[in-house]
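Enquirer: The residues making up each chain are set out below.
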Amino acid sequence: MANRELLKQLIETFTCLPGVGRKTAQRFVYHLLERDRPGGAALAELLRETVEKVGNCEHCRMFTEHPQCAICRDPGRDRALICVVENPADLMALEANTNYRGLYFVLHGKLSPLDNIGPREIGLDLLEQTLRKNSVRELILATGTTVEGDVTAHVIGELAARCRTKTTRIAQGVPVGGELEYVDASTLAQAFNTRTRVGGDGAQS
Amino acid sequence: MLVFEAEPAFVIHKRPYRDNSSLVQFLTPAHGRITVVARLSSKLIGKTLQPFIPARLTCSGRGSLLNLRHFEPEGAGLLADTRRRMVGMYVNELVARLTPSASPSRRLFDLYRECLQALAAATDAPPDETERALRHFELRLLDLTGNGLQLEHEHDTLKPVTADEDYHYRPGDGPERARAAAGRAVYRGETLIALRGEPRQWRDEILPESKRLLRAVIDHHLHGNLQARQIFDYLKHLA
Chain A
1 MANRELLKQL IETFTCLPGV GRKTAQRFVY HLLERDRPGG AALAELLRET VEKVGNCEHC
61 RMFTEHPQCA ICRDPGRDRA LICVVENPAD LMALEANTNY RGLYFVLHGK LSPLDNIGPR
121 EIGLDLLEQT LRKNSVRELI LATGTTVEGD VTAHVIGELA ARCRTKTTRI AQGVPVGGEL
181 EYVDASTLAQ AFNTRTRVGG DGAQS
Chain B
1 MLVFEAEPAF VIHKRPYRDN SSLVQFLTPA HGRITVVARL SSKLIGKTLQ PFIPARLTCS
61 GRGSLLNLRH FEPEGAGLLA DTRRRMVGMY VNELVARLTP SASPSRRLFD LYRECLQALA
121 AATDAPPDET ERALRHFELR LLDLTGNGLQ LEHEHDTLKP VTADEDYHYR PGDGPERARA
181 AAGRAVYRGE TLIALRGEPR QWRDEILPES KRLLRAVIDH HLHGNLQARQ IFDYLKHLA
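Just so you know, the protein sequences line up as chains A and B, in that order. According to the working numbering, the residues represented by the first sequence are 1 to 205, in order. According to the working numbering, the residues represented by the second sequence are 1 to 239, in order.
Chain A extracted, bound-state conformation (with noise of 0.2 Å):
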């Protein structure tokens, strides 16, 4: 009786992970009971460990059990250059798909009155500790394109042309690849507004 107690604690714990259902985390716990019970406590153990000593990065907010991220310890990195993102995942995009050498500001979220997060939430007391202290030379704003992330990358932009840094938002428009016919008409509107220059000014010699 205890046993299934157990048991069914375990799959209702499991189905706290995104993607992972009742079946799912069924599946998951059978797997770790009939085939790889050390596999199971190594995970245990792994997950306790992680979740007591994973913390944020004391500058740019990134997960590390360090004071500092890896990013932010590396000397090779451009410490004038940072770059705000919304979230974990997307800082490990920008890694995977661009050549881009600067630190990183992890906002965790983005300004949203009604998921009741505001401008503290997202650590933008800590942001402006960092541009007053270091010489940033340029702010780069990585976040969504969403009414939300829109309003965050301005409020932010606002943060860091008090501290007089200069700021940058990565471009928004046409995906690669993409017919114009096709473009929803919020995207066709804003890659309009946002263009930019090709070849030389076009002034007859």
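Derived by calculation from the structure, the hints in this document are not laboratory data. A portion of the hints provided could be inaccurate.
Said to hold, decoys possible - Restraint ranges, calculated between C-beta atoms of paired labels, are given here: (1) B:Asp204 - A:Thr98: 47 to 53 Å; (2) A:Ala70 - B:His220: 48 to 54 Å; (3) A:Glu45 - B:Asp219: 29 to 35 Å; (4) B:Ser21 - A:Glu45: 29 to 35 Å.
Since we're looking at a predicted model, the values are computed, not measured. The beta-carbon is built from N, C-alpha and C at its ideal position, and this holds for glycine as well.
Since chain A is already given, all that's left is putting chain B on it; use the hints.
Expert: Leaving out everything else, chain B in the frame of chain A:
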């Protein structure tokens, strides 16, 4: 089973739900403020389910939780500029926190749409049409949710409000004659009388005092729990 088809709608708020779905609050005329489950497997729906875009909504389902079947934007968003979007977030928070869910109101829907249109048309140069549009929206929203301001007479003596007197305002009751050293906010009778009329007739001078009055009344009804103001206050602290 289709519950309704091609209903005019605006997105008020969207939050993740389970792995690949969102819980989306819509404002519609015939069904009021409703919450709908939207599965975001379709890239198009994910990109266009954004606030301030006039759209047509089709939903299916049984019981209180509906499923999104189709969402068709009618053009680009009304608020393209970020500053206006920030004000729009405040408007959406008022709608979400002050209106009951699933309470049909064509007048509320029209008020909301007209407010967005007024915000979109407002210029940054004085006179401040954004402030005028917001005060009008707040006043009418309070009316429609049964929290309308009583601006006619002193609630304790029933004497009519006069333009040259000063008043305190007690939310839920109305104005009362201002007393010296009462330590409470004071509003001119002229402002209270003007707010009974049409916004286009409001003099610019009454707008700051109207803002204070409506802020106090809304704070009273929401117990000060209005998060969008934190963003405005933060920007003010930066300025």
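Enquirer: List, from low to high, the hint numbers that the structure doesn't satisfy.
Expert: Those not satisfied come down to hint 3.
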